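Quick mapping for you: the protein sequence lines, in order, are chains C and Z.
Residue numbers in the first sequence follow the UniProt record's numbering, run continuously in steps of one, and reach 790 at the last position.
Residue numbers in the second sequence follow the UniProt record's numbering, run continuously in steps of one, and reach 263 at the last position.
Hints in this document: simulated from the structure, not taken from any laboratory.
Just so you know, these numbers come straight off a predicted model, no measurement behind them.
Wrong hints could be hidden among the right ones.
[What the hints assert, rightly or not] Label-pair restraints from in silico Cβ distances: (1) C:511 <-> Z:222: 29 to 35 Å; (2) Z:77 <-> C:50: 48 to 54 Å; (3) Z:77 <-> C:113: 35 to 41 Å; (4) Z:222 <-> C:642: 45 to 51 Å; (5) Z:222 <-> C:171: 30 to 36 Å; (6) Z:91 <-> C:511: 48 to 54 Å.
All C-beta atoms, glycine included, are put in the ideal place defined by N, C-alpha and C.
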Amino acid sequence: MELNVKQSGISRRTLKIFHKNTRSGGIVKVVREHYLRNDIPCGLPNCTICPSAERGLLSDVDNSSISSVINEQHIILVDVSILLHKTDVLADDCFCNVIIAQTAWEAVKQKSPPAYKKVHHLVFHEERGFFVFMNDFHEETYAAREPGESADSRNDRALRKTAKFFVDHLAELGSRSKKLPKLVLLCDSVESRDRARAEGLISFSFAEYVKGITSKPELADKLAAFESRDEIDPKTGAPRGRLLFPEHLSADETEIGLKTGRLKKGSFQVSRDNYMEASVYVDDEGSAWFVQGLLNCNRAVHDDLVAVELLPEDEWSCPARLLKIRDQEESGANADAELDTDEVSTEDSEKGAPSKKRKRDDLLPTARVVGIIRRNWRPYCGVLLPSSVPGARRHLFAAAERRIPRIRIETRQADTLKGQRVIVAIDSWPRDSRYPLGHYVRSLGTLGDRATENEVLLLEHDIPHYKFSSAVLDCLPAVPWRISDEERTKRVDLRDLVICSVDPPGCTDIDDALHCRSLDDGCFEVGVHIADVSHFVRPGTAIDLEAAERGTTVYLCDQRIDMVPELLSSNLCSLRGGEERYAFSVIWKLTSEAEIVDVKFHKSVICSRAALTYQQAQDLIDNKKLDDPLAQSLRQLNNLSKKLRERRRANGALTLASMEIRFNIDSETRDPIAVQEKKFLQTNNMVEEFMLLANISVAQKINDEFPDCAVLRRHPVPAPANYKPVIQAAESRGFKLVVDSGKAIAESLDRAIIDANPFFNTMLRILTTRCMTQAVYFASGTLPVEQYYH
Amino acid sequence: MDLLSEHGYRQDGRKPNQIRNINCRLGVYSQADGSAYLEQGNTKVLAAVYGPHEAKQRSRILEDQCLINCQYSMATFSTSERKYRPRGDRKSTELTRHLEKTFNSAVLTTMYPRSQIDIFCEVLQSDGGNLAACINAASLALVDAGVPMRGIVSAAICGATDGQPCIDLNAAEESANIPRLTPCIDLNAAEESANIPRLTVATLPGGDDDLLLLELDHRVHHDQLEAIIDAAVKGAAQVHACLQTAIRKHVSEVATCLQWENS
């Protein structure tokens with residue numbers, strides 16, 4: 001087709017024509033333009049023909065000795081199914097110089113978000129020479145879909161065309177320079193492989209290549225799950241064993257069911273107390289349908305998005321009042337027997353069912369799972385269950401999360417994996433298998449080891465804990481860092497104030513500091529200073545996106561997973577004693593009765609006099625002999641905070657409790673020795689009180705300035721039913737809790753004291769905390785002011 | 001849908017700052033005073049100009065200048081699903097007004113007091129950037145009709161996506177102040193259907209980059225606006241170059257037919 005507009009890189013223009021079904025049942029023809037380019041980089045280092053790629057270049061590493069199937073330096077081109085199903089293997093360090101064709105990239109993006117995420121990470125976050133070649137835009141490798149050709153076979157053809165291009169390209173380069181790698185096409189379809197070989201390409205199946213990697217036998221294990229299934233399931237697709245579960249509805253049937261209202265969709269939440277029971281939250285208000293028994297759960301796994309159908313009312317039931325946890329059952333029964341017989345007996349699912357004589361009003365709307373809308377499978381941490389048959393290849397895996405079913409995996413290294421924490425991913429759950437089938441991903445280390453268990457905690461809670469990428473680190477200011485003159489002119493200089501910070505001992509990320517001084521008119525000037533992180537983390541930068549992804553800093557018993565790199569968190573944005581730092585300051589003028597007279601907000605430069613611990617601050621306050629400005633200001637702060645606190649209580653503030661603990665760590669082995677409840681000092685209250693006051697003032701200010709778009713935080717009022725457990729707990733000791741309002745709760749909690757058991761009150765308060773709703777963020781203007789509760 | 005892939009390409013293989021292919025012809029109707037056919041990618045537009053002639057409606061006569069009367073319409077077969085499109089629906093009335101405003105400021109209207117110029121634009125195939133394509137086609141038709149203008153009007157649509165190509169993220173010096181939005185010029189229909197801010201500009205390049213039309217759909221932060229206008233104006237300049245070539249070619253063809261001597 002004619003191309004009139006000459007633009008750099010565009011060499012040809014074609015049309016992609018295809019037909020599409022419309023919602024109303026018609027068929028429309030879609031014509032899209034497709035521009036082909038001649039400026040696509042091939043990714044080879046030192047290529048003299050193509051323009052150079054901006055990133056993700058293939059490396060120069062000599063990989064000739066990796067796999068026994070090929071003993072020359074080579075580049076690997078992988079197909080879609082390898083990317084979709086075998087990224088766990090591909091992610092191993094020994095793979096390098098891999099080309100991913102754009103065709104395959106797009107197919108993975110469309111078909112499987114988790115696989116896409118992994119491939120994306122390999123390409124953009126690892127420097128191992130994974131390169132995406134834009135073959136669909138390259139004038140020489142574009143393969144238009146031919147009439148009658150399926151999408152998959154076009155993809156295969158495009159891949160072969162790409163392979164051919166690289167072979168020719170390398171030959172052309174080879175005539176100019178000396179030694180160049182060979183191209184190896186890895187693909188799983190036998191037909192495509194045969195064709196590739198007929199076209200003179202070097203091609204292997206992924207399994208052949210991986211088996212050739214003799215230095216890493218565990219890689220073959222990861223592949224095992226797929227292969228065994230291929231062996232067992234004949235091409236006809238005939239089931240091999242007894243079918244245990246009813247079939248799932250197809251996506252179309254599910255959609256029709258959802259539209260007509262016969263089905264509902266919701267997230268499948270297995271009960272913590274009974275693995276045979278689950279709830280499906282079918283709408284946003286939190287109303288749930290109850291699912292009972294493994295048959296009704298029909299292969300849904302915790303967290304999946306499922307379609308459920310309500311059972312007739314005479315089959316409704318309610319949660320059984322007994323614990324059913326796998327560990328207990330299996331300790332008696334022989335797990336292997338179950339594994340071999342592979343059955344879900346119907347009695348098994350009936351066993352847990354409550355007697356039908358229950359009162360009618362106890363019954364819950366009960367449903368069964370008829371379809372899976374989206375699997376939410378992730379890699380699970382856990383242990384292999386011991387097998388009674390020595391040397392067996394099939395094993396059951398028990399996940400650390402007890403709501404996840406046992407997973408069956410195949411491995412030849414069971415002996416080495418014994419006593420280790422391993423990660424396993426689920427591949428599928430066929431109808432004829434009692435357990436989902438999975439494969440071994442990697443081992444985390446020895447069971448019970450501190451580092452291993454930390455890793456498990458982080459993975460299970462999906463906490464990003466990898467090192468900061470170079471893009472993030474590039475956003476950091478240069479060290480040694482000093483306050484710039486430009487900023488100094490813009491900010492209010494508060495360096496001469498006696499500011500100090502009060503934090504737990506050992507705290508390195510000091511984000512707040514306080515000061516107080518008396519004014520001539522009997523009032524006090526009190527300031528709260530918060531480290532100005534926004535000066536260093538600008539919106540939209542890599543560091544901002546990374547921090548948003550991490551969300552919070554996570555404290556483990558012996559380490560901290562930072563939200564921003566350490567230079568910021570414990571140095572530049574930490575208000576350390578004696579160092580000049582940028583801050584945001586709220587400065588009030590308070591009367592001696594702690595009434596706010598005036599409030600100011602500004603950016604500032606401060607210099608903290610001392611970074612105190614709670615205990616040190618308390619000692620300064622208590623030590624009557626001391627009378628330096630620091631001790632004075634702390635005493636004033638303490639007095640004011642008591643008045644603030646008194647007023648808050650009078651207004652119905654609720655004092656709740658949650659345990660805060662700290663670890664005593666052995667100074668040499670870094671092992672935790674003991675757990676200790678944090679001591680609560682007056683100074684804790686003091687800091688808390690002023691932080692609250694600062695939050696309130698800031699919230700009021702932004703709400704005044706932006707009445708319709710201030711982002712605020714509120715606690716929705718908990719439903720009265722939420723209080724049930726704590727009311728029951730209080731009743732068991734003869735106290736009555738009134739939950740009509742915050743103030744009523746506070747008062748009745750104050751009365752519930754047993755002298756002989758001082759912990760009882762704290763216990764009740766902890767329970768009450770658990771009844772409260774989680775805080776939510778909202779924009780002012782979306783809710784009436786009366787709902788701005790805390 | 002992301003306009004830009006992780007690798008920095010658009011779905012049809014263009015880079016963000018590249019326009020679609022342009023194909024055009026002047027003088028396609030014999031009965032009109034001026035006419036043009038224009039393809040911008042798969043968007044195909046016919047424009048016809050009648051006039052200047054005496055104003056039909058006495059009430060609309062302007063004493064000191066001529067009246068520009070436009071009509072924007074879409075053919076029933078212009079989109080993938082055939083649809084009856086009555087004249088004068090809300091959307092096309094709006095686009096009609098935009099056309100009139102644009103050409104009111106481009107045509108030297110004071111040269112024809114008490115008269116009228118009619119511009120008819122028909123979209124034959126719609127694939128994004130319809131208004132911009134109509135303005136470009138009408139501009140060519142006015143040239144063909146020999147109506148005096150301040151310059152050749154050219155228009156372009158520009159969208160802004162927050163799909164940040166990953167390649168940019170690693171450039172450390174840029175990361176400090178990259179605009180969050182990447183402007184993409186000359187959107188096609190698939191790109192237009194994405195929920196993004198879109199800006200159509202019509203300019204008179206050659207002079208001092210006069211902006212004749214600035215139409216924004218959706219909201220955009222004003223910090224970003226400058227960059228988007230800038231990209232759109234650059235796109236319009238690229239279109240302008242194409243229109244100019246087409247006019248030169250047309251004039252030389254006409255000259256050969258009439259056997260004018262090259263001067």
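(request) Please flag the earlier hints that this structure goes against, numbers listed from lowest up. (result) 2 and 5
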